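Got chain A sorted already, so can you dock chain B with the ligands onto it with the hints?
Chains as they are written, first to last, in numbering that gives the first Met the number 0: chain A, 0 to 373; chain B, 0 to 452.
Rather than coming from a laboratory, the hints here were simulated on the basis of the structure. The model shown is predicted, which means the values in this text are computed figures rather than measured ones. Keep in mind that the hints are not guaranteed to be accurate.
[To be verified] In the DSBU-like style, the derived pairs of lysine-lysine whose C-alpha atoms are separated by at most 35 Å in a straight line are:
hint, chain 1, residue 1, chain 2, residue 2
1, B, 340, A, 78
2, B, 378, A, 148
3, A, 140, B, 47
4, A, 269, B, 190
5, A, 71, B, 299
6, B, 340, B, 299
7, A, 148, B, 373
8, B, 197, A, 78
9, A, 71, B, 340
10, A, 13, B, 197
11, A, 281, A, 252
12, B, 183, B, 34
13, B, 197, A, 226
14, A, 281, B, 47
15, A, 13, B, 340
16, A, 154, B, 373
17, B, 233, A, 78
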Amino acid sequence: MADEVKQEAPVNFKVTIDNITIEVAPGTTVLNAARQIGGDVTPPAMCYYSKLEGSGGKCRTCLVEIAAGSEKDPRPMPKLMASCRTTVMDGMVVKNITSERVQDARAGVVEFLLLNHPLDCPICDQAGECHLQDLGYDHGKEGTRYEFKRRTFEKEDIGPFIQLHMTRCILCYRCTYVADQLTDKRVHGILDRGDHAEISTYISKAIDNDFSGNMIDVCPVGALTDKTFRFKNRVWFTKPVDAHRDCDKCCGKVTLWNRGDEVLRVTARKDTWGEVQSYDNKPGWICNTCRFDKKKTSDWVIEGVTNINRHSVIAQNKYNGLVVPKETITDVMGGRDPKLLMDIHDVSDVNDPSIDLSLIEGPATSKTFEKKEE
Amino acid sequence: MGRKLLLDKAHIENIRLYDVYRREGGYRSVEKALKTMTPDAVTEEVKKSGLRGRGGAGFPTGMKWSFLAKPEGVPRYLVVNADESEPGTFKDRYLMEFIPHLLIEGMITSSFALGASRSYIYIRGEYAWIVDILEQAIQEAKNNGFLGKNILGTGYDLEIYVQRGAGAYICGEETALLESLEGKRGNPRIKPPFPAVKGLWGCPTVVNNVETIAAVVPIINEGGDEYAKIGVGKSTGTKLISACGNIKQQGVYEIDMTISVEEFIYSDEYCGGIANGRQLKACIPGGSSVPILPANLLLKTAKGEPRMMNYESLADGGFATGSMMGSGGFIVLDDTQCVVKHTYTLARFYRHESCGQCSPCREGTGWMEKILLKIDSGKGSMSDIDLLWDIQRKIEGNTICPLGDAAAWPVAAAIRHFRDEFEWHINNPEDCLRKNYGLAGYADELKIPVLDA
Ligand SMILES: Cc1cc2nc3c(=O)[nH]c(=O)nc-3n(C[C@H](O)[C@H](O)[C@H](O)COP(=O)(O)O)c2cc1C
Ligand code: SF4
Ligand code: SF4
Ligand code: FES
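In isolation and in its complexed conformation, chain A is listed as follows (with noise of 0.2 Å):
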């Protein structure tokens, strides 16, 4: 054919991530290459979020090691790299769990995103489906070794449906690209430097615009929670159905979590990741109508229970029996003991392991614990 337009072959990089070779387009960074293999070799990512552009490289949680830079050039890079934020070349070889300096190095990352953290779990909204308790569970040791007092800052409100717990922040900047990049006036943002720095919105003012919500969505911690959601529940006790209405702002396209017939609180769709999901290559933020105002079951079209893949705490019976606190530091707590090292099936009855809550007919209700709960 004469008109044929020669197109040249699309060529793609080779990377090869602890022993297992994969091909990826080039301008992929070594996590998403490391995603597309999935499983144990994917890093642990705290601060990147793949729908906001200039996300990551601040936690260091995803460190590797490469052991090869490219094809050309094979000599190994001397620092340990963000994964995140670095791109792969062809040729590059990768080591993430097959690295002994990254383990180490993850382990003390661990330790210091901890270190402040006020480990309040047990009153955490966010508990069960808190990134960072999932990392604690992986990769923290049993105890720390920090002995002095910890730091808090005084709860805030982001806006009327915000909560901002400060003291839970680990300072992945994400909200703060959501309010960049989805906001229209950003009034919300870093103060000061260092371990004094804080999220605030600049001289308390109200965040009041369609897609703040989404903050809640990115955030990996218990730092900022649904306000109308707060203290309602505990996410283990919902039941997550996927849902949908529509909407004249966002996709509209929604995970309820219920308890019986009640609407308890409404998120984005989360994919393995726990990113909101894209839909046609775009991402599906949601509007704060959806979100906050639509708290009925007939505001929705339900389409099925959700299937929560996600590699977490929520994924029940995947930490029963793990780890136990070998030492208490119930002085740096203020007399109060950690809880975020222990087996959360110890702590709370609710979440018994022997009831598998997917095998559950329709959403999960008090009465489902009831044999527990004398």
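Then chain B with the ligands, alone, in the frame of chain A:
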């Protein structure tokens, strides 16, 4: 007496003013470069000179310039780093205060080489009065046809702007500086891309230290080869050293990098010896971020050779027994100084100055500060020393910018060389509040206290 290239005229009366500066031979390099050389030829001279960045890292300046991307139709920028906030470093201040036209002259010649038509001086906020000095110098240069449109009738245009920082050490890190210059929060950027490709407002940018740019003047006047003859090895030209601490004569000295550390401390031409009849205990030879050395390792390398005031010799032995030239902030401690307290003071500084973007630096700096305070106040335990070592090890190399390393190194070096002083604090919780560990064996000829903790 060593040769002086930067400060030789600094004390001529009114050299701060254009007329005097010009009469003393000022702005010759601009005339030579713009009228008789191509931009590439200027860069070539700088390469030949072997000049290394004077801001701390010592990266070859000519090479840095040749990395600058030159896409069509995209402006390029030269940004002078005058943030000078490293404790112990005050050489740029001296240069800008006494002989501001040298910096302006260097900037014009360098901007011409880089093809920049707008250049910036980013100056630390506390140097408020120097802003006026620089702006006056810029105005004078403009009035005399060395700045503005069509400089010296050659068709080359250049404007120089001075921007004041707001008092953050981190804004001296080149990418944080660029963010701040753009009006944003001064957080270091994640590299790559490097400023040479995407710098100020996304355009190719060179960031250089004040002293680096000033050194371009003698390089162009005398030629790169001549400049390279001064000094030794890869330490060419002259270096400004700001000396402070327990010495008789604190101040800024221009050295030609051929003298020994011993001569620099004890000769009357430079520091004039240790003040008040005390003895040398330790020294941080290159600004607060570089490893501290005990007297014995400072004056002699581990091989027993005299240590010289240049890049190679100061770094001889790596971090195990050596240190770094850094920014030339030479901090001397006598036998009344406590290394534990000193390390605590530095840790407090780094904790306060961390931008807080990355977790190891944000959390680790505060943790180290708290442990050091605990040891200094006689409440430490032996395991704290190992814990400190482990924390610094987990910060170093794992952060976005070198501030993390800069916070880790002083702690590591203090433990490496002064572990017995830390242990003394722990074993003598009462005494350490009233007495001093003193000189101990730190100046002993034979003792080389290297501990690979
Ligand atoms: C935390 C930090 C602070 C710095 N502060 C300064 C400074 O005040 N002045 C300076 O010239 N370079 C400073 N630097 C080094 C700069 O990042 C950069 O390397 C330098 O300006 C390059 O100039 P040079 O090649 O001429 O040395 C700092 C680096 C770091 C990591
Ligand atoms: S509030 Fe949440 S999203 Fe925002 S920086 Fe803190 S941890 Fe990240
Ligand atoms: S190392 Fe410290 S100063 Fe540098 S980017 Fe990280 S937190 Fe900021
Ligand atoms: S996910 Fe890569 S540094 Fe945070």
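Distance restraint between residue 340 of chain B and residue 78 of chain A, which requires alpha-carbon spacing of 35 Å or less: Holds, at roughly 31 Å.
Proposed proximity, residue 78 of chain A with residue 233 of chain B (alpha carbon, max 35 Å): Cα-Cα ~25 Å, so holds.
Pair hint outcome, residue 183 of chain B versus residue 34 of chain B [Cα-Cα no greater than 35 Å]: 39 Å, violated
Agreement of residue 197 of chain B and residue 226 of chain A with the hint, judged by alpha carbon distance not exceeding 35 Å: 42 Å, violated
Straight-line alpha-carbon gap residue 378 of chain B to residue 148 of chain A, limit 35 Å: 16 Å, holds
Restraint check for residue 197 of chain B with residue 78 of chain A, where alpha carbons must lie at most 35 Å apart: 22 Å, holds
35 Å limit on alpha-carbon distance, applied to hinted pair residue 148 of chain A and residue 373 of chain B: 13 Å, holds
Residue 269 of chain A paired with residue 190 of chain B [C-alpha distance capped at 35 Å]: 30 Å, holds
Pair hint residue 71 of chain A and residue 299 of chain B, alpha-carbon separation not exceeding 35 Å: It is violated: about 42 Å lies between the C-alpha atoms, which goes past 35 Å.
Given pair status - residue 47 of chain B, residue 281 of chain A, alpha carbons within 35 Å: The given pair, whose Cα atoms are some 53 Å apart, is violated under the 35 Å limit.
Hinted pair residue 140 of chain A and residue 47 of chain B, Cα distance within 35 Å: With a Cα-Cα distance of about 54 Å, the restraint between residue 140 of chain A and residue 47 of chain B is violated, given a limit of 35 Å.
Hinted pair residue 13 of chain A and residue 340 of chain B, Cα distance within 35 Å: Given that 35 Å is the threshold and the Cα spacing comes to 52 Å, the pair is violated.
Hint compliance for this structure: hints 3, 5, 9, 12, 13, 14 and 15 are broken, all remaining hints hold.
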